[in-house]
Each structure stands twice: as C-alpha cells, then as structure tokens.
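Peer 1: Sequences listed follow chains A and B, in order.
Residue 16 is where the first sequence starts when you use this note's numbering, and the numbers rise one by one after that.
Residue 1213 is where the second sequence starts when you use this note's numbering, and the numbers rise one by one after that.
Check the hints yourself; a few may be wrong.
Reference excerpt, derived from the structure (chain B facing chain A, CB under 10 Å, subset only) [claimed, not checked]:
(1) Gly1224
(2) Gly1287
(3) Asp1462
(4) Thr1481
Source of the hints: derived by calculation from the structure; they are not laboratory data.
Computed from a predicted structure; not experimentally measured.
We put the CB at the ideal spot given by N, CA and C, even for glycine.
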Amino acid sequence: MVEETVALKSNQQIGTNIWLMEFRSTLLASHAKPGQFLMVHLGERTKDPLLRRPFSIHGIQDGDKVMILYNVVGAGTSLLSALKEHDIISVIGPLGNGFTLPRPSEKAILVGGGTGLAPLFFLAQVLQKDQRNTVTLFLGFPTSQEVVRIQQLKDLGVNLSLTTEDGSLGIKGVVTDLLDQRLSNKGTTKPVIYACGPPPMLKTVAQKATTLSLRSYVSLEGYMACGLGICLGCAVKAAHGETKPYYYVCQDGPVFPSGMIDWEVL
Amino acid sequence: MAVLPDLSVDIGGLKLKNPVITASGTFGYGTELTPFFDPSLLGAIIVKGLSLKPIPGNPPPRIAETPCGLLNAIGLANIGIQAFIEEKLPMLTKIEAPVITNIYGHTVKEYADLAKKIEKVEGIAAIEINISCPNVEKGGMAFGTDPDTAAMVTGQVVSNTTKPVVVKLTPNVTDITTIARAVESAGAQAISVTNAILGMAVDVTTRRPKLANIVGGLSGPAIKPIALYLVHKVVAAVRIPVIGLGGIMDYRDALEFLLVGARAIQVGTANFVNPKTAIEIVHGLTDFCSREKISNINQIIGGLKTI
Chain A
16 MVEETVALKS NQQIGTNIWL MEFRSTLLAS HAKPGQFLMV HLGERTKDPL LRRPFSIHGI
76 QDGDKVMILY NVVGAGTSLL SALKEHDIIS VIGPLGNGFT LPRPSEKAIL VGGGTGLAPL
136 FFLAQVLQKD QRNTVTLFLG FPTSQEVVRI QQLKDLGVNL SLTTEDGSLG IKGVVTDLLD
196 QRLSNKGTTK PVIYACGPPP MLKTVAQKAT TLSLRSYVSL EGYMACGLGI CLGCAVKAAH
256 GETKPYYYVC QDGPVFPSGM IDWEVL
Chain B
1213 MAVLPDLSVD IGGLKLKNPV ITASGTFGYG TELTPFFDPS LLGAIIVKGL SLKPIPGNPP
1273 PRIAETPCGL LNAIGLANIG IQAFIEEKLP MLTKIEAPVI TNIYGHTVKE YADLAKKIEK
1333 VEGIAAIEIN ISCPNVEKGG MAFGTDPDTA AMVTGQVVSN TTKPVVVKLT PNVTDITTIA
1393 RAVESAGAQA ISVTNAILGM AVDVTTRRPK LANIVGGLSG PAIKPIALYL VHKVVAAVRI
1453 PVIGLGGIMD YRDALEFLLV GARAIQVGTA NFVNPKTAIE IVHGLTDFCS REKISNINQI
1513 IGGLKTI
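Bound-form chain A, shown alone (with noise of 0.2 Å):
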C-alpha cells in the first residue's frame, strides 16, 4: 500500500455521466490486482468535499498505466470529473482484498451491471492473458447511452453479451438473465461467477449461486472515510452464521464470496 500524488494522462467523457481517468504509477501498477481499489482525494487538500473517494481500478495498461472508470453522481465525482491531463490528485492504495482466481480448470462468468463493469475489466484483462480459458463476460446497461468499453472488452478477446433495459443495444431485459440461459445449459464443468453492480442484482447472482451450489464472488461498494479499517463505516451484514456481525468492505472486501453476506438487508 502506497500514497502516490500523480499526474492524470487523461480524463475523458466516454458514455453518459461515465468518466475514464488515468495515470501513470509504477508502483500501484506493479501491486494491484484485480478487485482492489484506490483511494482517491483531489490534489489541492480541499476541505470540500472533504473525504477521499473509493474507486476500483478499472485496469493496467502498458505496465504502468493505472485506469479508473467512474460515475458522476455527486459533488467529488463532479469536481474529479473536472480535472484535465497534468492535473493532480492523491491515490492510496492498491486496496483491499481482490477477487480469487479461477482455477485453470474452471470457467469464469463475469457479470457486471452499469458501472459494475469498472473492476470485472481488470479481472478479464488478467484471466484474458492467461489463455487457457476464454472469459464470459454478461454486461446491462439501463441503455444504448451508458454502454461503454465495449471495443476494448473485444480487444481482450472475451466472449461478451450485452443487455439494455430498453432494448437500445444488445438483448433487452437485465443481465441475470443472460446468466439464468447461461446455467440453464447443463455444461460439463461449473463455473464461476464474478459479480458487480447494484445491489439487486447481486441479490439474484447470490440467490442462483446458492440454488446451484456455484462459487461466486461479489464486489461491493459502501460508504468509507477511509478505506484503510478505520473508521468503521462499510459496515456490512454478515450471512446468519458467520463469526462477525459486520464485514468491512475495504478491509474484508471489497470482494466476497456471495455466500458470506446477508442479502435480506444489504
């Protein structure tokens, strides 16, 4: 774990209200894996917005070119939304626990809901260069207009399926369907899944894992100060059963393995 003040290559629009920022760290690129997260201030110590933003890394590139995809949804992801190339912001990381490879047996299906998509690149960059398995990847998006990385996803060479809510783009419906398909077809080998997005739809990749008897991890967000155990505030259920209450997403997560949450209230 590092604290790194870096410069932006670039900070560009790519879908609606979708951001992709990225820069250069040697260090984070070399450490992270896929799933981790950063923490990520503005350059100037602004008081306001006050805290640090969590955000997975989207991928690596180039052996040092460290990516993240984001949502504008609020005052920090407007104000990030803002900066240019040569701007400056504080990253700590890389973060939190990552997701747990497949073995080279078994096949991995990732699912991602909107910009749920932001860690499930990385995974698939790593899983696409080891060749012994061809990815899965089942993207929804609400429409046409927040499709993005689409090109580059196929660079990799995943086999990818698309959903939109409306039907703009790809199936219409939402992307567990394409993962209810998916499991219905009685294959040789058990996958595994690889989810993340909103949380209903997590809900759903939970619930079929389970019915299944599947593996499958989840990448959750939650609200943190820090990102480091601290402040205790990603507090999420812990699944009846297990030996703590409450897990952290930045310390015990962000990934989990679905089975270790409990969905009823999250």
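Using the hints provided, position chain B relative to the given structure of chain A.
Peer 2: Same frame as chain A, now just chain B:
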C-alpha cells in the same frame, strides 16, 4: 545547526514529547497507519474506544459526508477490552509514544471495571473516558450531559486507577463549563474538548436520513470554530490541562487551539483524509517554532492576544 524547539508538554503528569495526539476512533488500535509513518514520533496515540464486551456497531449506512464535515454513527463498534489487551496491545509495545485507551461503559460500574482491568496492564499510559454515550441506567440520558453523573463516572475511574485520567466531553450541552468543573472536582487530570456535535443529513430523493441511526456525530473542519470556542470556555473554567480537538487538519489549526489555551491537540477526522496528518503537524509545529524563534511550545500555549 540550530537547536530544535522543545515541543514537550505535560498533561496531568503524562509527559509528551510533542502536543500531537491521535483521536480515538480515527487511529484504529494503533498500528493500522504504520505503513504511512512511525507513530512513535507522536506525542501520544489514543486507540479506538473500548468497552467491557465487544460491540458490533450500528447497521449501515454509518457515515455521510456533509460540507467540510463527516457525520458518523459507528455505534462504538469495538473488539472489547479483553481482546484488545490480548491481541492488539502486544503490537503496541513497539510504539514508543504513550498509548492512551479510550473507554466507554453502559453503566457507572462498567467504567469502574474497565479502569480496574486497565490498571493491571502495562503499556497503557493513561485512560480517556468517553462520557458522551447513552446512559442506560438513567433511561437514555448521556453521562456527559449531567454534571453529577459525569462526576460519578470520573470518580469511579479515578479511584480504580493510578494512571492519569482524561475526560472527553460532549459539546451537546447548554453549558460545557459546568461539566468541566464537575469532572475536575471528581479528580480528572485533564479534559478533552470536544467530541462530535450531534447532526443529521437527509437524502431528499429517498426522503430517508443518510444515516441508519438517523442522527450522528459531526466532525471535521466544519466544527472547528465551535470546538475552538468550547476549548476557550473550558480553559477559562478549569485549572487542569485541556486537550483540544475538532476539525484540526494542519499545523495552523493546531496552533489556533494551542493559542486558545489547549495544552495538547488531537487529530481525528483528518487521519481518514490524509493518514500522515498527525506527523505533518508535528513537523509543521517544529518548523513554525524555528521560524518564529520560539524555543519552547509552552510559550505559545494560551498566548491568545485579546487586547
């Protein structure tokens, strides 16, 4: 080669090499931020508030950001005093700064029991009492909002320990000086001012409070002027040292509290934003004193010019 200024202060018999302390609940159990700097270089560290039994904490969302501030309702989540002593304290022996435990009880007796447990343990330099929690014995009223119960808790802790006792006051009272005088009379060696200020935030889209607990404690730069004012009032009301905290983000903020009369300061919310804040304040105070040709930090403390 210039002689470095002397930053050491005395807090009720506890000697600190500088006046910079990390606030309870913002520095974990003491070692979490060691990747960023060596806590041995600080005046002291105060660890996460401890209770007799582990406390799971409140349901999420537990925090919300407000302009220049942080609202939290963590619910005093902690591993309990026994686990702290067994699992965390051994790692703290490597830290050369005094370790202060912050304690929290549901009843007066629990405070006394915590003091007894800590008294037997080496490696804990002092006790800070959190009295801004609900008092179940008194039907939900906080210990810290009533001078008599505040004094009772303080007296029980003081009589069960030989370690210096610091009482952390709540700002959520009509007159903080009555509470300050009460805990001073009950034997407190120092007072920390101030704990977080009660506050709320609402999501207008969902019409729900931003905290599951509905209300929480506001901290961060938003509360600094209020904290300074309260320190100013308490310093005038008591003889024992006052430790100032509330929204300190850099050494200039720390200087404001020292000038108002705080003998030491605590860094809280800033640790979340910049984990190196506390050590940067130590360096900032050193440089400031050197620049201003101040040989001893005590020359600044209480140096507010009002005429």
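Peer 1: Which of the stated hints cannot be reconciled with the structure, identified by number in ascending sequence?
Peer 2: 1
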